[in-house]
Amino acid sequence: MNWTENISVLTVFLQGLLSFFSPCVLPLLPLYIGYLSGGAQTVGEDGTVGYQRGKVLTNTFFFVLGISGTFFLLGLGATAMGEFFSAHRVALTRLGGAIVLVFGLFQLGVFRSFTLSRERRLPFRLDQLAMNPLTALAMGFTFSFSWTPCVGPALTSVLLMVSSAASRGEGILLIGVYTLGFVLPFLAVGWFTSALLSFFKKHQRVVRFTAKAGGILLIIVGVMMLTGIYGAGGNLGGATSGNSQGEEKAKTEAPDFTLVDQYGNTHTLSEYRGKTVILNFWATWCPYCVQEMPDLKEIYRAYGSNEEDLVVLGVANPKTDEYAFANDQSLEFVENFLEKGGYEYPVVMDVSGEVFAAYGVTSLPTSIFIDDQGNIHRAVRGAVSRSSLYTLTEDALKASTPKLPEGESHRD
Numbered sequence: 001m002n003w004t005e006n007i008s009v010l011t012v013f014l015q016g017l018l019s020f021f022s023p024c025v026l027p028l029l030p031l032y033i034g035y036l037s038g039g040a041q042t043v044g045e046d047g048t049v050g051y052q053r054g055k056v057l058t059n060t061f062f063f064v065l066g067i068s069g070t071f072f073l074l075g076l077g078a079t080a081m082g083e084f085f086s087a088h089r090v091a092l093t094r095l096g097g098a099i100v101l102v103f104g105l106f107q108l109g110v111f112r113s114f115t116l117s118r119e120r121r122l123p124f125r126l127d128q129l130a131m132n133p134l135t136a137l138a139m140g141f142t143f144s145f146s147w148t149p150c151v152g153p154a155l156t157s158v159l160l161m162v163s164s165a166a167s168r169g170e171g172i173l174l175i176g177v178y179t180l181g182f183v184l185p186f187l188a189v190g191w192f193t194s195a196l197l198s199f200f201k202k203h204q205r206v207v208r209f210t211a212k213a214g215g216i217l218l219i220i221v222g223v224m225m226l227t228g229i230y231g232a233g234g235n236l237g238g239a240t241s242g243n244s245q246g247e248e249k250a251k252t253e254a255p256d257f258t259l260v261d262q263y264g265n266t267h268t269l270s271e272y273r274g275k276t277v278i279l280n281f282w283a284t285w286c287p288y289c290v291q292e293m294p295d296l297k298e299i300y301r302a303y304g305s306n307e308e309d310l311v312v313l314g315v316a317n318p319k320t321d322e323y324a325f326a327n328d329q330s331l332e333f334v335e336n337f338l339e340k341g342g343y344e345y346p347v348v349m350d351v352s353g354e355v356f357a358a359y360g361v362t363s364l365p366t367s368i369f370i371d372d373q374g375n376i377h378r379a380v381r382g383a384v385s386r387s388s389l390y391t392l393t394e395d396a397l398k399a400s401t402p403k404l405p406e407g408e409s410h411r412d
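Going by full-length UniProt numbering, the first residue of the sequence shown is number 1, and it counts up by one from there.
Hints were generated in silico from the structure; no laboratory data involved. Model, not experiment: these values are computed from the prediction. Hints should not be assumed to be uniformly reliable.
Listed next, with one range per pair, are the computed distances between beta-carbon atoms [unchecked claim]: (1) T266 to N375: 20 to 28 Å; (2) L187 to F333: 42 to 50 Å; (3) E298 to E253: 27 to 35 Å; (4) G342 to E308: 20 to 28 Å; (5) T320 to L57: 54 to 62 Å; (6) V223 to T252: 30 to 38 Å; (7) P133 to T252: 38 to 46 Å; (8) G264 to E322: 15 to 23 Å; (9) T258 to E298: 25 to 33 Å; (10) S270 to E322: 24 to 32 Å; (11) N265 to F325: 22 to 30 Å; (12) L187 to E307: 50 to 58 Å.
Yeah, the Cβ is synthetic: ideal placement off N, Cα and C, and Gly gets one too.
Sequences and hints are given; from them, build the entire structure.
Take a look at the structure:
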């Protein structure tokens, strides 16, 4: 392994570590501890309350195993199983949202407020399920979907690195390193459960507050997953589609459209035949979309401001009187947002949402790379880093005809 590969491995590990400390994971840590340690309590002769470390570690191990399984399934996007989970991501997310919502209601004490007889009629007991290693495994798999808004961009970048890895083994290694960085803190929490829960017991007011706050947060996350709003921060799939090196796949023609941009100019996709096109689907309320926009602006300028081989088009879905349930704010709001942000590349207004639907956009941001023949070269769902965006752009340009000599760039 050379020094560049060492840097990649270190970077991926740090991304996994930082994902643990994201606002979707860390604030709910007391909840995870409570679920995974339930029923493992012991009382010493002096009255000291402790927890069976082996039992808690077992539950924590299965919990992180569920998380790891999700990441590895997504990393194996070229396999039938990986494609299945990617294709059914929306359904799995809805199911996960329902489960997360139930956990949130339980945490708020809604079930405890029922009469004892009605409570016994529930098909399962959450407090008992938490002690089941198989349930801990399912929890890890389920909660990994609720973390999507925070870990999505980092995981997407890792998956892009995996897709461009020199070998399948190297790709699996990168996924493993990211997963290791993400789950090690969980295992540490499992090891020090007694100390952490003792701290919470000494500060019972804080515990009551965090339990209720955590329950509310779980309900919010569950509702967002059920309604599909959660996808705004990117998605776990982060998967890329299209032709990869050494593979022969049927090309899919990009759906044509004619839309007007913020300047009043009309754009018809088919008129850009002979050029590579980037379609970036976004919204003003999506933080990861906004974070990615300066990089798109830089790409737009670096490759000739749509006058050369590359065309950059944003795609927004603003509300109008006719389409009041569109994805974004009003047309005027979106145009002012673009002007204030200094985003001069054209953004076409898909007021009806037909273009969003035609390209199967279920999460934001989504970037579609179209080759010079009008075929979809690659689809990236989720935000990517600046360097990854340049790599994806060069890859799409090199896939167009005529191809550049090896080692040359369209920016040279």
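To see whether the hints hold, each was checked on the structure:
1. Checked against the hint of 20 to 28 Å, the pair T266 and N375 passes, with Cβ atoms roughly 23 Å apart.
2. The supplied range of 42 to 50 Å is met by L187 and F333, whose beta-carbon atoms lie about 46 Å from each other.
3. For the hinted restraint 27 to 35 Å between E298 and E253, the CB-CB distance of approximately 29 Å keeps it satisfied.
4. Separated by about 21 Å at the C-beta atoms, G342 and E308 satisfy the suggested range of 20 to 28 Å.
5. Take T320 and L57: their Cβ atoms lie about 56 Å apart, and the range 54 to 62 Å holds.
6. The hinted window of 30 to 38 Å between V223 and T252 holds, with their beta carbons roughly 34 Å apart.
7. Under the hint 38 to 46 Å, the C-beta atoms of P133 and T252, about 43 Å apart, fit the expected range.
8. For the hinted restraint 15 to 23 Å between G264 and E322, the CB-CB distance of approximately 19 Å keeps it satisfied.
9. A hinted range of 25 to 33 Å for the beta carbons of T258 and E298 is consistent with their spacing of about 27 Å.
10. Distance hint check for S270 and E322: the Cβ-Cβ separation is about 26 Å, which falls inside the suggested range of 24 to 32 Å.
11. In this structure, N265 and F325 meet the distance hint of 22 to 30 Å, their C-beta atoms being roughly 27 Å apart.
12. For the hinted restraint 50 to 58 Å between L187 and E307, the CB-CB distance of approximately 54 Å keeps it satisfied.
Checked against the numbered hints above, the structure violates none of them.
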